[in-house]
Structure formats: structure tokens, C-alpha cells
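Engineer: Protein chains in written order, with the working numbering: chain A, 1 to 264; chain B, 1 to 183.
For the record, the hints were derived by calculation from the structure and aren't laboratory data.
You can trust all of the hints, since none of them are fake.
Partial pick of chain B residues on the chain A-facing surface, computed with a CB cut under 10 Å:
no.	residue
1	C14
2	S20
3	I22
4	W31
5	I32
6	P33
7	Q35
8	F37
9	W38
10	L43
11	V45
12	S51
13	A54
14	I58
15	S60
16	R65
Computed beta-carbon distance windows for the label pairs:
no.	chain 1	residue 1	chain 2	residue 2	range
17	A	V62	B	E64	21 to 27 Å
18	A	S165	B	H18	53 to 59 Å
19	B	R81	A	K94	30 to 36 Å
20	B	R81	A	K102	32 to 38 Å
Ideal placement from N, C-alpha and C gives every residue a C-beta, glycine not left out.
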Amino acid sequence: MATEATHGAEMAGHGAENAAETGGLVFHPMDQFIVKPLFGDGAVGMFTITNVTLWMLIAILVIVALMVFGTSRRAVVPSRSQSVAELAYGFIHKMVEDVAGKDGLVYFPYIMTLFMFIVIANFLGLIPMSFTTTSHFAVTVVLALCVFLGVTILGFVKNGASFLSLFWVSSAPMALRPVLAIIEIISYFVRPVSHSIRLAGNVMAGHAVLKVFAGFAAVAAISPLTIVAITAIYGLEVLVAFIQAYVFTILTCVYLKDALHPHH
Amino acid sequence: MATEPIAGEFASACVDSHGSAIGMPQLCAEWIPNQVFWLVITLVVIFFVLSRIALPRIASVLAERQGTITNDIAAAEELKRQSADAEAAYDKALADARAEAQAIGQQTRDEIKAQLDEATREADAQIAEKTAESEAAIAEIRASALANVEIVAKDTAAAIVAALGGKADQAAISSAVDNRMKG
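Chain A with its partners taken away, still in its complex shape (with noise of 0.2 Å):
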């Protein structure tokens, strides 16, 4: 998906560069996830303020809202922010604990984290005209680096060397073991390159593909239908958007499960 996104990009590109031309249909898909400073047109730094930290700091005040001020009142019959965010942690808990196991439930602080910040930007991205910040690779790459590293140490940790007999499949004929362990540690580095890939591919090609229609919208003849189209994807990205939130914090489940259980 997210190679199609790529070559999209690359035809939007030219079809951009023949629209100026010739004023006709003009996609601009990806200019969406631009990043640009907010104050000034100076070079984008590492400190500068930019669209993501305006939105990342909507991310963090939506979360405050929702899971601090929501809860103030700490009702035993809740109200309806209280209810989302009890909602929330019962259901990330209750993740938690059946893919990890009851040890698990020691991180789940750090798997409510990142459920939240995903869950969050996703929907916030949603928003016309705002920015995606889980579209980009450097985020998903960071966020599916911290577990994958978070993941490694804890094994290591936890097990010691005897973490290595997950790549060691003791139900499989003894031939076939090295093969196997071959196999499991290659997808075992895969991991955090699909791990990210998964989540920034989905929202990215999603929020394309809008744009697309929305290019599409300008010729009177097909904006009815194409108007259709992009309600139709609009509702399909909400679902995405709480999907690949879904997707990514059950992985991280199931990789602290290999961390802590690492027996077959």
C-alpha cells in the first residue's frame, strides 16, 4: 500500500506540474503532509516549531481533556467523557492481559501511551485541513522503534540468553530448526519495519487518496459522485483510523508476550 502511495506521489507530482501548465485538473495529494514552520518561512530545524508540534500539542490536549479533565469527578455512574476514557483503559487493559498475560500489565501504562497518541492523531488527522502526524515515517518509524528495542532489552532482561530459543522452534524436527531460526530472526527484524510501515502507509494512502477525489471534485460534471466517493472514504478512514490504532497496540501486545514468554 504504501509503495502505491509512493507511485501516486510521483504521478500527482507530474500531474501538478501539468496542471500549472495548462490549468486543468490540479492534485496536489501530498502536499498535505508538508511539514512547515509555523512562525516564518525559515529552514525547518530540529527545535522549530512546525505543524506537527501544533498538532502534537493538540494530540497531548485532547488526551488531557479527554483522560484528566473527563475523569475529574471520578463518578461512580460516570458521565460521557468519564465513560469514554474508563472505556479506553478497559479495553487497552483488557488487551493487555489476555495477549501478554497478567505480567504484562506492568507496561501497560507505556501500551496506553501509545494507543492514545496513535488513536488520537489519527482521528485528529481526520479533521479538514489539519496535518497527520502517524502519516509520517519518521513517527511510526520512532514509535515502532520504541517497542521494538523496549521489546528486545525487556527479553533480554527477563530471560537472559534462554531469550534466544525464540528463534529456536523446539516443536519442529531437529533438520529443520536451523532453517526455522533463520526464518524467525529475519521476521523478527522485519518487525518494526512493518510495524510502522502498516500504520503510516494506511493513513497516508487514505488521506491520498481523499485528496484525489477532492482534485476529481473540480469537473462539475463528476463532482456528485466523486462528493459520494469521498464520504464514502472519509467513513472508511474513521474506521482506519481506529483500526491501525487497534493493530499497532495489539502488536506491541503480542511482542511483550514473545518478551516475557519467549518459549514456544
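Let chain A serve as the given structure and place chain B on it in line with the hints.
Structural biologist: Same frame as chain A, but now just chain B:
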């Protein structure tokens, strides 16, 4: 949002002079440090907000609710048990009362029956007594009637004999009447 042109002197390898993205903005190395820096800040802030404030609070609310529910269920169980006890006591009282009423009824019936038997027996005795008395009186009357008949017959016989001009022999008449009456 990115369609508005960015100033041409905006130096970037990833944005063209019209402000449009060149290739994928996701692959623009120039922006990566910025994103990583702000992401790390964001994650740290969210982590501390969640782990220090939000999650303990929600956990305590959930525990409190669970406690309340458990207590309420226990109280409901207690009340249910009490109501079952009360119902059992009521049933027992009802059964006792019913049994007692039956016993009283039976006793009353027995007493009445005994009194009735007694009265019947007394009545029977009185009737038998009266019957015996009556029979005695009847026998006496019959005996006296026979004696009277004998006297009347003797007197009548003596009178008839006298009327016929005979000489009435008291002894002969008496024996003749006796013979007739025996016959």
C-alpha cells in the same frame, strides 16, 4: 491545506517553488529530526500525564465501582436471604396455626361426641327405666283388673242365682266362677 504557495525563497529540498511537495514528504530527511524531537516530547508528556494522573484515577474509580457493585450485590443477597427467612417463618406460622386449628377442631368434635354419647346413654337408661316402670304398672293394672273381674263375676253370679230364686251358696258360686275363669 498546502495548496497556498509558500514563498519562493523558502529553502527546502522537498518543496518546489509552487509550495508543492516533491515526491513523498514522508521521505524528506530534512524534516525527520524535527518530527522525532517533537514526537519524543509528546510521548513523554502523554506518558507522565497518563501514568501519574489519568490511569491511577480511572483504576481507582473502576475499583470503587467494582466495590460498590460487590457491596450492593452482597446487600441484595442478604436482603434476599432475609426475605426467604421471613417467608419460611410465615409459612411455618401458617402451618402451625392450621395444625392447631385442626387439633382444636378435632378436640371439640371429640368432646361434643363424648357429651352426645353420654346424653344418649342417659336417655337410653331413662327410657329403659320408664319402660320397666310402665310394664310393672301395666302388670299391676292387669292383675287388679283380673281380681276385679273375679269379684264382679262372683257378685254377678250370686245376684243371678238369687234372682232365679235359688239359694246362693257363697262357696259353691266362688268355686264355680273359679272353674269357669280357669277354663
